[in-house]
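Modelling step: build the complete structure from the supplied sequences, incorporating the hints.
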Amino acid sequence: MNMMAPTAEVEGELRELSYAEAIREALDIALGEDERVILMGEDIGVYGGAFQVTGDLVHKYGEERVIDTPISELGGAGVSVGAAMCGLKPIFEFQFSDFAALAMEQIVNQAAKVRFMLGGAVSVPLVMRFPAGSGTGAAAQHSQSLEAWLGHVPGLKVVQPSTPADAKGLLLAALDDPDPVMIFEHKLLYKMKGEVPAGRYTTPIGVAAVRREGTDLTIVATSIMVHKALAAAEELAKDGIDVEVVDLRTVRPMDRDTVLASVRKTGRLLCVYEGVKTLGVGAEVSAMVAESDAFDYLDAPIVRLGGAECPIPYNPELEKAAVPQVPDILRAARQLVKAEV
Amino acid sequence: MPTEVIMPKVDMDMSHGKIAVWHAAEGEKVEKSAPLFDIETDKAAMEVESPAAGYLHHTAPAGSDVAIGHAVAWIYAEGEAVEDPPGGKTPEASPAGDAPAPNGHASALAAPDAAQAEPSAPPANGVRATPAARRLAGLKGIDIAAVDGTGPRGRVQKRDVEAAEAHRAKAPEPEAPHHSASTRRAPLPARNVDAAAQPIVLVHGFAADAAGWAPLERRLGKGASVSRIELPGHGRTAAAKIAGFADLLAYVRERFDALELADAHLVGHSLGGALAIALADQRPDAVAALTLIAPAGLGAEIDGAVLAGIARASRAESLAPWLKRLVANDDLISWNYVQAAALARSDPALREAQQQMVDALFPDGVQSFDVRDALRRLDCKTRIIWGRRDAIIPWRHALEAPGRVSLNLFEDVGHLPHVEAPEAIAALMMT
Amino acid sequence: MPDSVDGNAPFAIRQYSADELKAALRKMYLIRKFEEGAEESYTRGLIHGTMHLSIGQEASAVGACMPLTDHDKITSTHRGHGHCVAKGADVEKMFAEFFGKETGYCRGRGGSMHIADVAKGNLGANGIVGGDIPIAVGSALAAKRLGSGAVTVCFFGDGANNEGAFHEALNMAAVWKLPVVFVCENNKYGMSTSTARSTAVKSIAERAASYSMPGLSVDGNDFSAVAEAVDTAVARARAGEGPSLVESVTYRWRGHSKSDRNRYRTKEEIAEWMDKDPIKRMAEMLLAHKILSADAVAELEAEADREIAAAIEAAKAGPDPEAGDLTRDVYTELAA
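Chains as they are written, first to last, in the numbering used here: chain A, 909 to 1249; chain B, 910 to 1340; chain C, 2 to 337.
You may find that some hints are simply not true.
[As the list claims (entries may be wrong)] DSS-like mimics (lysine-lysine), calculated; alpha carbons at most 30 Å apart, straight line:
1) C:K203 to A:K968
2) B:K1049 to A:K1173
3) C:K121 to C:K203
[Claimed, not checked] Label-pair distances were calculated between CB atoms; the ranges are:
4) A:R923 to B:K1150: 29 to 37 Å
5) A:R1164 to C:A310: 47 to 55 Å
6) A:K1228 to B:S1227: 42 to 50 Å
[To be verified] From chain A, some residues computed to sit far from chain B (all C-beta separations above 12 Å):
7) G953
8) Y955
9) P978
10) N1017
11) F1024
12) Y1109
13) D1201
14) L1206
15) V1249
Hints listed in this document are in silico derivations from the structure and should not be mistaken for laboratory results.
Beta carbons: idealized from backbone N, C-alpha and C, even for Gly.
Written out as structure tokens, the structure is:
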């Protein structure tokens, strides 16, 4: 069974699409099925988006629905919040996830809290997309993985699709969700191809995927790290180390059941994520396990591999060194399984 | 059908007997009438002979108190399949439990019934063990403190509990425990039994063996009760793969525990010194005095070339130069001595085991283990003896010892004070 | 517009019926009495936290809401009690919110600073200065996209005019010609810092020029002037001609919040503005144009007093939220 393929209940014909194409297909479906859906973002119209995700959708749906915003992240994000409160279903694209910093007020103080502050009187059915991650040589202000920032905020949901099929399914699930959903897309994945079912389907938010079953070690990974973990797992299999790879998919709300079940089975946990290691997603995964009955099944300390404690550097070798790579995973996995830590 | 080995009634009012020492290991071949185990009653100690020839299995752990007439082991004929103990009753299923094992080392004595009633018993304090190991031990009714840890710094892993469980409940896989089943489980028996004297336990250093203590033992006199623990892959003790210091310590500890001593005087040389420190730290009730002769584990430096050279040497010619480095006056290393030493090292398996041990314990010529903290924690009477001309481990490592440790430095002595100046060492030990 | 009114009468007199004007004055009293009642409740320990009173700004709130229907939206600020009442809120539910009751507008989760009344088009008060401005633009975008015809009035204070959100949002509203009216209630101080010390332009209405929209500064204590300016702006918005900025110059009699010690302004200044009491001026205008008698005005005030007293008592009796419901409404509960 191809564990990277879409879930079994999806019936659409499978095609090879890139991650970016899969997102565009989801946007196309969303725009086509509901007049209330609008896209907002910088250069998403005739330019097609900085990463060519929106492509030529503007020609199909017009500038009224595929809206180029001024370079006003705070204002643009706020407009999308207000529009969501008043009957639209906006999908807001940040050109780079780093620019979330400019809009944190609207994301954190408004979108996330309005429903609660108003005692449930309104909903904010808003989707925000964040091209994230390093590896493009864009240096410190265009390469961050900030999912943990937003994952820290009650009221938001945060997902990190790792495959084209999930990129489409999670986007449509986010669109169906009555609450704000933040989608962190890894820039290096945009060109990755994978099988994507045709038509409309959703990938459930809050449900992790076991991408590879194994008995010796659980690797909980997010986004592009899922692929690095799988590559490492193949290598480790040659040494007789049988790795289970859990693709977390949703950072908030986290899929406790899948992670704990895997740890109970393997007794060892390695968290691999690109965001800065300290206070990151892996910290939450680790704590979730440590606080649960799965703790009793641990046969080694939990190990985290996350981004280095520095901004993302420009130099390509330094840039690689700043985030976990396959050899790092191999080393950590071997140490864990050999009980060297 | 295997032959049952029972706890014999050897005394009038005896209801239980305690297994003091097994003279054969689990899985080991035994001859009929060969000494099989020692039992200890309130009044006497007695050796029990093997009722049959064959392979020893399902042994009750040393230290167990077993009701008379109950099985303590089974002897299987050559080629006979080893299954669950006949009658379904494992030897340790009938412990009396009224005599706690010494030093809190309960081994498998923890009553399985009690443990099953409380499968999630709180973790034992002060034992390094993974949650999975604790959980499994709780479920299986195994005392985690009695399980040898093979993880980092002696941490008990789940596999260690599984090994302990396998050892207890079934025929053990010969390769599963980290020391080979053919290893003698008991230390070499005490030579001069005199219960009045403080028992002395000798732990030799790397590439030495129990025989190396002979000069010192002669000076200790006939009244001394001396036991010698031989390291795996040394002397007559079979080779075993050692993963690290903790692994080796677990091996030594098991043998020390089997002696069931109280107030022992533990003497360790070099690597044996480090083991003695760690052992005294873990068994404070059993160790009353510690004599450390050029002990390892107090600093990083060590002459790795000598260690590697000795471990590798297969002939007297290649061994001699290294042996001479051990002492201050190389006249002590006669050609006869070298030839005897080379003969003792003629087994390639022994040499391979020692090379592996060098790699595990002294990677890149560095002492990878550190017992300084343990030494600082000790409160038993402790003495360090060192030769100022020790070329293997710098005597200045002795300065790591806390003030209450006695320090005796010998001027024209190298790394083998107990060989180079046995009289003086024996005299110090008697004070 | 009553036929008898002469052409030189103020806009309000010309524009609104006697009943509408009477209702407007009644709302102004209700706001004043509500805030005085809140202050009184605060001193009795019934209110948790702080609050920001708009006493002295009633004409601005009520005047600006005159052109709006329940279908239209407002966004409001931390000093939003007046906007809320002006948009038709029930004062008992407001008090219940102040008292942290489950029966409050936000079920006790929002308090004074976040009161909303979505059914009446009030999208809520906002605790972040300028936070509501992009949201109002979003509301207007939705109205335009959905063709609902709704206009959004965005209230904010002088402090917000120096926030980036203000500039970003006004720019977008203008670029996209959205049906939104920005009403800046310039009460002269952002907490303690005066507009003279914080704002480069003399009149905040001048900011409108940067965004190519009409900008008008009016006497915010003059009900008719505010109503006229906002009415014009709303009409423009409804006609699809885009946003406007109305600066309503007014004054808060009380401090910024309950912890304000009034160190940054003089008693004389406060007294001077109290003489320009917008309610008194509104009553005088209605008396002068014979819309209401003095007795009727007195009766309106007494009625507001009674309504507030009853609302406080009723609100106090409401149930407190259950601790077990702490995390309710963080997310929408979806039917399984």
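Original post:
Of the numbered hints stated previously, which ones are contradicted by the structure, given in increasing order?
Top reply: 1, 3, 4, 13, 14 and 15
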